[in-house]
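Participant: Sequence:
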Amino acid sequence: TDSNGYLSGRGQLALGDKLFAALPMTTTYRTPPQLIFSGADGTAVVDLNHAPTQTVTVEFWLLPTADGGTLFSLGGLTLSNPADLTVNGVSTGIALSDGFAHHVALSWQESNNTWVLYVDGQAAADGTAAIALDNTLTFGGGYHGSLDEIRLWKTVRSSPQISDALLTPLNGDESGLVGYWPVEDNDTNAVNDASSHANPLFLADGVLVYAKPLYTVYHTSGMPTSSGVAMFAVTEPGVQQLVVSKDNPLMLFDLDVSLEWDASGDPDYLNRLEQDIGRASEVLYDLTNGQVAFGQINVYQGKALWEQADIQVYANNNQRPNADLGGIVTNYLTDTLKTGEVVGNAFLPGKIRIGATWNRYGNPGGTVGEDWPRVLAHEFGHYGLFLLDNYLGVEEVNGSKIIVEVDCAGSAMTDAYRQDYSEFLSETINNGGHSWLNGECQKKLAEDTTGRSD
1 TDSNGYLSGR GQLALGDKLF AALPMTTTYR TPPQLIFSGA DGTAVVDLNH
51 APTQTVTVEF WLLPTADGGT LFSLGGLTLS NPADLTVNGV STGIALSDGF
101 AHHVALSWQE SNNTWVLYVD GQAAADGTAA IALDNTLTFG GGYHGSLDEI
151 RLWKTVRSSP QISDALLTPL NGDESGLVGY WPVEDNDTNA VNDASSHANP
201 LFLADGVLVY AKPLYTVYHT SGMPTSSGVA MFAVTEPGVQ QLVVSKDNPL
251 MLFDLDVSLE WDASGDPDYL NRLEQDIGRA SEVLYDLTNG QVAFGQINVY
301 QGKALWEQAD IQVYANNNQR PNADLGGIVT NYLTDTLKTG EVVGNAFLPG
351 KIRIGATWNR YGNPGGTVGE DWPRVLAHEF GHYGLFLLDN YLGVEEVNGS
401 KIIVEVDCAG SAMTDAYRQD YSEFLSETIN NGGHSWLNGE CQKKLAEDTT
451 GRSD
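Residue 338 in the numbering used here sits at position 338 of the sequence shown, with consecutive numbering throughout.
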């Protein structure tokens, strides 16, 4: 929409048309927006209108993908080569080539010409350099990798000041702040200065903004219904007003799918795959009472991005669908059991794995009805919603707990295929006569460990 909320040039409306509005509220990123430098001459440059002269601190996050190159220069102050961080030609012996993102800050003061290099908030090296600053700050020049959350101060920042704020966005009005460039996914030719000094950071020679969303939360105009969603009907000509509400939230997950083989020459299969993923999204929407569905789906061929994909589709039709619990996380995540015990590394990055076809009987080479999309929605319950299987229970035998099979009725995490097991069960809501702690649901593994409902 435009600034007034109007859709312009998007076609015509007719009486009887059905409308639905979704307003994005927050996006959580798998890869946050960042500047991508591909070496060669790629640079990001800002001409400062309030340039530091006697004291300065430059800080940013980076993830290098190759050795060498200049990270930044400001007059005579330079930092280069992430494989051996080098300040004004002086090697520090510090390597940032471990494949992880790091925070780097470099300060300098004219009074004694001393500089201090900080890595991840801690002082890591120091030295002296008799230099002069100017008003042109340049990032890149032979650098391969990413930069983000770039900050420029006209003060010498201390280790506590740096470490306390490196994970927290700034307001933009902090004392001593000269420039602040948090990269946004809608930045193209320049990154706007979020400080009060209006110093845009211009991108040149192939420097790009890259971001990979994980999910976006929307406020929508339609309540979920038993058959989908309540749409707004056009009943008369003129302006149509749709009201979005926080009472109708919708979370859309963007997922990558990688096929083990190249199916580009099989349009029939790709069409069925698209339909099945779409149907899995509809099932997920129903299971969550209209709160969760799939967003942007990217399909890659011939094992492209195989290790990065959320869903790995195997050519082997005997592949039993499975998923890593909480595998959607981008880093390890702890969990707390109902006993109070904290489990470290409870959730780790993982995958959903499924064959090209699948049916509940495990017969290769064929799909029965909606078995493939329904089991995909079930596996996403593990992968993206951290849900345990509700057909697994716990019994105490001779003083020891053992895993047993139980029938927690009504839950899609018990049986992915039964139409009467088509809910995620809640502690407080009776779902079609089924409750979280009724019958054998009391013995399920989830209740024994975390105590959390679907």
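Careful: at least some of the hints might be erroneous.
[Said to hold, decoys possible] As a list, the in silico SDA-like pairs of lysine to any residue whose alpha-carbon atoms are at most 20 Å apart:
| id | residue 1 | residue 2 |
| --- | --- | --- |
| 1 | Lys401 | Thr449 |
| 2 | Lys154 | Glu184 |
| 3 | Lys351 | Thr330 |
| 4 | Lys351 | Lys401 |
| 5 | Lys351 | Gly302 |
| 6 | Lys351 | Asn317 |
| 7 | Lys154 | Gly76 |
To be clear, the hints were calculated from the coordinates, so they are not data collected in a lab.
In this text, all values refer to a predicted model and were calculated from it rather than measured experimentally.
Participant: Look at each hint and say if it fits the structure.
Facilitator: Hint by hint, here is what the structure shows:
1. Note on lysine 401 and threonine 449: the hinted pairing holds, with a Cα-Cα distance of about 12 Å set against a maximum of 20 Å.
2. Distance restraint check for lysine 154 and glutamate 184: the Cα-Cα separation of roughly 24 Å exceeds the 20 Å cut-off, and the hinted pair is therefore not satisfied.
3. A threshold of 20 Å between alpha carbons decides the hint, and for lysine 351 with threonine 330 the separation of about 11 Å falls inside it, so the pair holds.
4. For the hint linking lysine 351 to lysine 401, the alpha-carbon distance of about 29 Å lies beyond 20 Å, and the restraint is violated.
5. At most 20 Å may separate the alpha-carbon atoms for a hinted pair to count; lysine 351 and glycine 302 meet this at roughly 17 Å.
6. Under the criterion of a C-alpha separation no larger than 20 Å, the hint pairing lysine 351 with asparagine 317 is consistent with the structure, at around 18 Å.
7. For the hint pairing lysine 154 with glycine 76, the CA-to-CA distance comes to about 16 Å; that is within 20 Å, so the pair holds.
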